[in-house]
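Chain A is fixed; fit chain B onto it per the hints.
Line by line, the protein sequences give chains A and B. Counted from 1, the first sequence has number 36 at position 36 by my numbering; the numbering is strictly sequential. Counted from 1, the second sequence has number 70 at position 70 by my numbering; the numbering is strictly sequential.
Calculated directly from the structure, the hints in this document are not laboratory data. A portion of the hints provided could be inaccurate.
Now the stretches of chain A that chain B is said to cover, found in silico as 3 or more residues with beta-carbon under 8 Å [claimed, not checked]:
id : region
1  : 7-18
2  : 21-35
3  : 50-56
4  : 75-88
5  : 137-144
In silico PhoX-like links for lysine-lysine, alpha-carbon gap of 25 Å or less [claimed, not checked]:
id : chain 1 : residue 1 : chain 2 : residue 2
6  : B       : K158      : A       : K18
7  : B       : K97       : A       : K18
8  : B       : K45       : B       : K97
9  : B       : K45       : A       : K24
Per label pair, the in silico range of CB-to-CB distance [what the hints assert, rightly or not]:
id : chain 1 : residue 1 : chain 2 : residue 2 : range
10 : B       : K97       : A       : E3        : 14 to 24 Å
11 : A       : T188      : B       : S67       : 25 to 35 Å
12 : B       : H144      : A       : Q170      : 45 to 55 Å
13 : A       : S13       : B       : K133      : 47 to 57 Å
Because the structure is a prediction, the values reported are computed rather than measured. Glycine is no exception: its CB is placed at the ideal position from the N, C-alpha and C atoms.
Each chain, written out:
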Amino acid sequence: MSEMELRVRALESVLVEKGYVDPKALDILIETYEHKVGPHNGARVVAKAWSDPAYRQWLLDDATAAIASLGYTGRQGEHLVALENTPAVHNMVVCTLCSCYPWPVLGLPPVWYKSAPYRSRAVIDPRGVLREFGFELPAETEFRVWDSTAEVRYLVLPMRPAGTNGLQEQALAEWVTRDSMIGTGLPTMPEPKRELA
Amino acid sequence: MNGAQDLGGMQGFGPIHPEEDVSLFHADWERRVLAITLAMGATGKWNIDMSRAARESLPPAQYLASSYYEIWFRGLERLLLSTGLVTAEEIEAGELKGATSPVPRVLMADQVNAALLRGSPADRPATVGARFKVGDIVRTHQMHPLTHTRLPRYCRGKRGRIIAEHGAHVFPDTNAIGLGEQAQWLYTVRFDAVELWGTDTTAASVCVDCWEPYLDYPNAEPD
Numbered sequence: 001m002s003e004m005e006l007r008v009r010a011l012e013s014v015l016v017e018k019g020y021v022d023p024k025a026l027d028i029l030i031e032t033y034e035h036k037v038g039p040h041n042g043a044r045v046v047a048k049a050w051s052d053p054a055y056r057q058w059l060l061d062d063a064t065a066a067i068a069s070l071g072y073t074g075r076q077g078e079h080l081v082a083l084e085n086t087p088a089v090h091n092m093v094v095c096t097l098c099s100c101y102p103w104p105v106l107g108l109p110p111v112w113y114k115s116a117p118y119r120s121r122a123v124i125d126p127r128g129v130l131r132e133f134g135f136e137l138p139a140e141t142e143f144r145v146w147d148s149t150a151e152v153r154y155l156v157l158p159m160r161p162a163g164t165n166g167l168q169e170q171a172l173a174e175w176v177t178r179d180s181m182i183g184t185g186l187p188t189m190p191e192p193k194r195e196l197a
Numbered sequence: 001m002n003g004a005q006d007l008g009g010m011q012g013f014g015p016i017h018p019e020e021d022v023s024l025f026h027a028d029w030e031r032r033v034l035a036i037t038l039a040m041g042a043t044g045k046w047n048i049d050m051s052r053a054a055r056e057s058l059p060p061a062q063y064l065a066s067s068y069y070e071i072w073f074r075g076l077e078r079l080l081l082s083t084g085l086v087t088a089e090e091i092e093a094g095e096l097k098g099a100t101s102p103v104p105r106v107l108m109a110d111q112v113n114a115a116l117l118r119g120s121p122a123d124r125p126a127t128v129g130a131r132f133k134v135g136d137i138v139r140t141h142q143m144h145p146l147t148h149t150r151l152p153r154y155c156r157g158k159r160g161r162i163i164a165e166h167g168a169h170v171f172p173d174t175n176a177i178g179l180g181e182q183a184q185w186l187y188t189v190r191f192d193a194v195e196l197w198g199t200d201t202t203a204a205s206v207c208v209d210c211w212e213p214y215l216d217y218p219n220a221e222p223d
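Next comes chain A alone, as it looks inside the complex (with noise of 0.2 Å):
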């Protein structure tokens, strides 16, 4: 067993002998973030904004009502903004300061997004960033970059991609990555689909 295991055993035993957390709300805790809550919710979000228009412009209007309507509230996603890549502005979001982000719709952030590289690069080079992902916007795209400093939390919606017309919400949500909402992806054709084509 590595030290620090050794070491986060120990405190979680002292803390439950003490009294102060109860270990079934323990496993609860992570049940929930690492498989209920993910980005799938935000793919729904996202695919219902490009089915319909009216909630498209909820959300944008009122992000934390809107996607309080699809039953996503609370921790890390008290206050939310949505914003709108358009062909002139494409949105990157990040925490400089930490690790904030919109877990109601995202879960969890992943470890990237955590990390020195990606903190410290992509307030000054959202582009270079981008290209690490593999993506590449035409040079006229201007990069708006959103640092979550305060309890606000920020979700990209992504523009909807050609090849797209006449899918249906849930097909459309397949379509909808994790960092296509961050603003370090775009939606991507869904593997099967992939397959076939």
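Relative to the frame of chain A, chain B by itself:
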């Protein structure tokens, strides 16, 4: 505090390697750190700003050499020690060594879902009118407090435009050091990237959420 957490614009950390990121957790202890951090946060012995301040007060070399959940764990240890909930001997031994002081609340299993769905909104009723409005040109303060702040170094003393107003929110700079929530108006300020970085940038603009005490009109006298 100008600690190692304030990473915006630093250079030399190398590539991001998103493709290596197959799991949210590298080891099982990271899951446990997440859970005990959230559960201890729910006891009410400290607030989220104190948690962030504790993590930021790690020595810079240690902060930069640590994984994120390790930073959380070290921060949690500091909070447990500073509030007297756990002693250094207990941390070392992994067992109780004496009396236990009570906590205001304990998050029980059957309360977790409701607590997570409720969250902890940071907005508060405003006690005074907003000083600024959307469209105003402002300048952030040039400041270097030794205590917690959420104004990154790269955007201090810079001109920007207010593009959104979010109402009054808990002010981290006071809440982190036990001076209370002292809710302040919160705005999103958009800075032209050239104002922050000159021409050494591929961004067009950077938007930062700023509380009113961080801001002034550009022509105001220095504080």
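Cross-check of the supplied hints:
Under the rule that three or more residues need a Cβ within less than 8 Å of chain B, the assignment of the region 7-18 of chain A holds, with 11 such residues. Counting residues of the region 21-35 of chain A whose beta carbon lies closer than 8 Å to any beta carbon of chain B gives 12, which meets the minimum of three for the stated coverage. Residues of the region 50-56 of chain A lying with their CB closer than 8 Å to a CB of chain B number 0, which falls below the three-residue condition for coverage. Counting residues of the region 75-88 of chain A whose CB falls under 8 Å from any CB of chain B gives 6; the rule of at least 3 is met.
Under the rule that three or more residues need a Cβ within less than 8 Å of chain B, the assignment of the region 137-144 of chain A holds, with 3 such residues. Taken as a hint, the K158(B) and K18(A) pair is broken in the structure, with Cα atoms around 48 Å apart against an allowance of 25 Å. With a C-alpha separation of about 11 Å, the suggested pairing of K97(B) with K18(A) holds against the 25 Å cut-off. Of the supplied pair hints, the one linking K45(B) and K97(B) holds, its CA atoms being roughly 20 Å apart against a limit of 25 Å.
For a cut-off of 25 Å, the pair hint linking K45(B) to K24(A) stands: about 21 Å separates their Cα positions. Taken as a hint, the range 14 to 24 Å holds for the pair K97(B) and E3(A), whose Cβ atoms sit roughly 21 Å apart. With their beta carbons about 28 Å apart, T188(A) and S67(B) fall inside the hinted range of 25 to 35 Å. Between H144(B) and Q170(A) the beta carbons are some 51 Å apart, a value that agrees with the proposed interval 45 to 55 Å.
At about 54 Å, the beta-carbon gap between S13(A) and K133(B) stays in the expected band of 47 to 57 Å.
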